[in-house]
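J.: Read top to bottom, the protein sequences are chains A and B. The first sequence begins at 1 in my numbering and counts up by one. The second sequence begins at 128 in my numbering and counts up by one.
It is worth saying that the hints were derived from the structure and are not from the lab. Cβ coordinates follow ideal geometry from the N, Cα and C atoms, glycine included. Any given hint could turn out to be false.
[To be verified] Listed next, the in silico EDC-like pairs over lysine to aspartate or glutamate satisfying Cα-Cα at most 16 angstroms (straight line): (1) A/Lys82 with B/Asp258; (2) A/Lys82 with B/Glu177; (3) A/Lys82 with A/Glu103.
[Said to hold, decoys possible] Okay, the calculated beta carbon distance ranges per label pair: (4) B/Thr138 with A/Ile16: 16 to 24 angstroms; (5) A/Ile9 with B/Val273: 36 to 44 angstroms; (6) B/Thr256 with A/Thr32: 27 to 35 angstroms.
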Amino acid sequence: MDSYILIGITAFIGSIFVGGTIGLAKLIAFRTPNSALKAQPFECSEPPIGGARIRFKVAYYIFALLFLIFDIETLFLFPCVKIFRAVVDGEIAGITHQLVFLELSVFICVLFTGLIYAWRKGVLVWE
Amino acid sequence: MSDILFYILATVLVILSGCAVSLPNILHSAIALIGSFIITAALYIMLQIELLALAQIMLYVGGIVVFMLLIILLTTGLGVDDKLGRISTWKWISKGMITGLLFTGMLYFFTENSSSLLDQASAKAAPITIDQIGIRLLSTENGFIVPFEVVSLLLLAALVGAVVIARKDAEKKEEQS
Chain A
1 MDSYILIGIT AFIGSIFVGG TIGLAKLIAF RTPNSALKAQ PFECSEPPIG GARIRFKVAY
61 YIFALLFLIF DIETLFLFPC VKIFRAVVDG EIAGITHQLV FLELSVFICV LFTGLIYAWR
121 KGVLVWE
Chain B
128 MSDILFYILA TVLVILSGCA VSLPNILHSA IALIGSFIIT AALYIMLQIE LLALAQIMLY
188 VGGIVVFMLL IILLTTGLGV DDKLGRISTW KWISKGMITG LLFTGMLYFF TENSSSLLDQ
248 ASAKAAPITI DQIGIRLLST ENGFIVPFEV VSLLLLAALV GAVVIARKDA EKKEEQS
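My request is simple: use the sequences and hints to build the entire structure.
T.: Right, here's the structure in full:
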């Protein structure tokens with residue numbers, strides 16, 4: 001529980017850094033009224049074509065889906081991996097490290113089949 | 128100390144959830160949703176359910192909200208939705224009052240008629256560490272070894288389904304072009 005409090009304090013300090021920077025900039029920055037000149041790009045020196053909010057490629061979507069599935073896989077693997085050291089040391093009765101290795105291998109292999117399927121179907125090809 | 132922390136977190140959670148449903152810009156709503164998910168994870172940590180907090184951060188913040196942001200960016204509906212602005216203040220107040228009354232009634236009912244079932248459930252809900260879950264997942268006797276393997280099959284089915292749906296879109300596109 002104490003380590004979580006540390007994480008919370010770190011997050012709080014981080015938010016103060018971000019919020020403080022933005023707030024301080026608002027307070028002390030010199031501001032001119034908005035104008036068309038101000039909205040111009042000033043680094044690439046090219047006039048923009050079209051809006052900045054464009055549609056994204058649909059190809060991102062399937063990658064996000066695949067990521068989500070392997071994310072869930074990681075979540076299930078995490079508790080098993082966390083106890084692996086204790087299993088190898090023989091501290092947990094009833095579980096041998098061969099069993100853990102076999103189980104996790106089967107688990108990963110089944111999901112890897114799916115990845116190979118997606119690969120073979122050409123979903124991962126970036127067009 | 129932990130009571131005060133809970134009330135602070137709960138207040139922030141309610142505010143962020145309200146933002147998530149009421150902000151006119153859908154992108155801002157999604158970002159408010161990220162915040163409310165993180166606060167929910169913090170509440171799980173306060174209840175000492177570590178794996179659930181991990182799942183909340185990894186799946187919801189890291190996966191599903193990113194996924195939702197992608198969907199928002201894929202569609203053009205990025206502009207400000209003025210439908211919410213058209214709802215009159217009177218409607219906001221009346222609907223809020225109805226919801227508030229229903230919620231208060233429900234709260235009153237459950238606190239006054241606390242059932243034995245609820246008491247038993249809250250007594251049983253002891254904190255579980257990730258190690259304990261790992262041991263239960265992997266042990267052959269009195270464990271969840273078969274469900275653990277079946278989960279991989281379920282995920283495989285989801286993966287194949289995603290691929291099939293994505294392929295359908297690609298085929299349609301080819302037909303159109």
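J.: All hints, please: hold or fail.
T.: Here is how each hint holds up against the structure:
Restraint check for A/Lys82 and B/Asp258: satisfied, since their Cα atoms lie roughly 7 angstroms apart, inside the 16 angstroms limit. A threshold of 16 angstroms between alpha carbons decides the hint, and for A/Lys82 with B/Glu177 the separation of about 13 angstroms falls inside it, so the pair holds. Restraint check for A/Lys82 and A/Glu103: the C-alpha separation of about 15 angstroms stays at or below 16 angstroms, so the hint holds. Distance hint check: the CB atoms of B/Thr138 and A/Ile16 are about 19 angstroms apart, consistent with the given range 16 to 24 angstroms.
A hinted range of 36 to 44 angstroms for the beta carbons of A/Ile9 and B/Val273 is consistent with their spacing of about 42 angstroms. In this structure the supplied range 27 to 35 angstroms is violated for B/Thr256 paired with A/Thr32, their Cβ-Cβ distance being about 57 angstroms.
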